[in-house]
Amino acid sequence: GQQVMQIPQYQHVQEGEDFTTYCNSSTTLSNIQWYKQRPGGHPVFLIQLVKSGEVKKQKRLTFQFGEAKKNSSLHITATQTTDVGTYFCAGASVKTSYDKVIFGPGTSLSVIP
Amino acid sequence: DGGITQSPKYLFRKEGQNVTLSCEQNLNHDAMYWYRQDPGQGLRLIYYSQIVNDFQKGDIAEGYSVSREKKESFPLTVTSAQKNPTAFYLCASNSGVRETQYFGPGTRLLVL
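Protein chains in written order, with my numbering: chain P, -8 to 104; chain H, 7 to 118.
Everything labelled a hint here was simulated from the structure, so no lab data went into it. Just so it is clear, CB atoms sit at the ideal spot from N, CA and C, and this is done for glycine as well. Among these hints, one or two may not hold up.
[To be verified] Only pairs whose alpha carbons sit at most 25 Å apart, straight line, appear in this in silico DSS-like list of lysine-lysine:
1. H:Lys76 with P:Lys91
2. P:Lys91 with H:Lys77
3. H:Lys63 with P:Lys91
4. H:Lys63 with H:Lys77
5. H:Lys89 with H:Lys15
[Unchecked claim] If you want the footprint, here are the derived chain P segments under chain H, 3+ residues with CB under 8 Å:
6. 16 to 27
7. 30 to 43
8. 92 to 104
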C-alpha cells in the first residue's frame, strides 16, 4: 500500500537557524498537504501543493513539491520559538484505488532560544 | 461559528468498560475521520466515513467501532477489546478525500 515517510523524526535548532523537513511517498501523489501541530494541540492545515515542481511561500516557510510528485519539503528560514511543533505531510495517491490521504509520521521541531 | 467539536476533552475509562467519544461538525463536510495519536507519534487512522451510513476501517480498527447516522456526527466507541486505549484521539472532516482536513481539538483517553 501507499506509504509516506518523513525525515528527520526530530530536529533541535538554535533560534535563528534554518530548518528543513522532507516528505517522501512510495506512490505518485495527486497533491501534498502540510499540517502543523503545536504541543498539546491538534493539527492545523498550513498549505496544499498540487502541481509538479510547485513552490509556495508563507512568510518564512517555503514549501516545495517534487517534479515527480513523490516528494515534498518544508523549509523554515530563521526559526523562532513560535515554530515549535510537529510538522506532518499528508498525500493522496493518484491511484483511484486509494481512497484516503496518508499522513507521514511527522517531524518534531524544537527551537532553543 | 463553523468547526469541529469533540467531547469530552478528557475521558477516563475503567477496565472492561466501553466509552464513546463524540465528534460533531457543522462544516457540511461529507467525509469524517478518526485518528489515534500516541505520545511522540504520528496519526494512525482508525475509521473513516465518506458518506452517511457508510464507513471503512482504517489501519488500526480493532477494538473500535463507529457509526455515521447523521452527516454532522461521527461518534467513536472504544470497546473493552481495545487493550491499550490510552491515547489522544483526533476527529477530522473534509469535503472530499483529497481536500484539506479540519481537525477537532481532540479527546485524551486515560485508563484507570
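Earlier hints that do not hold, by number: Failing hints: none at all.
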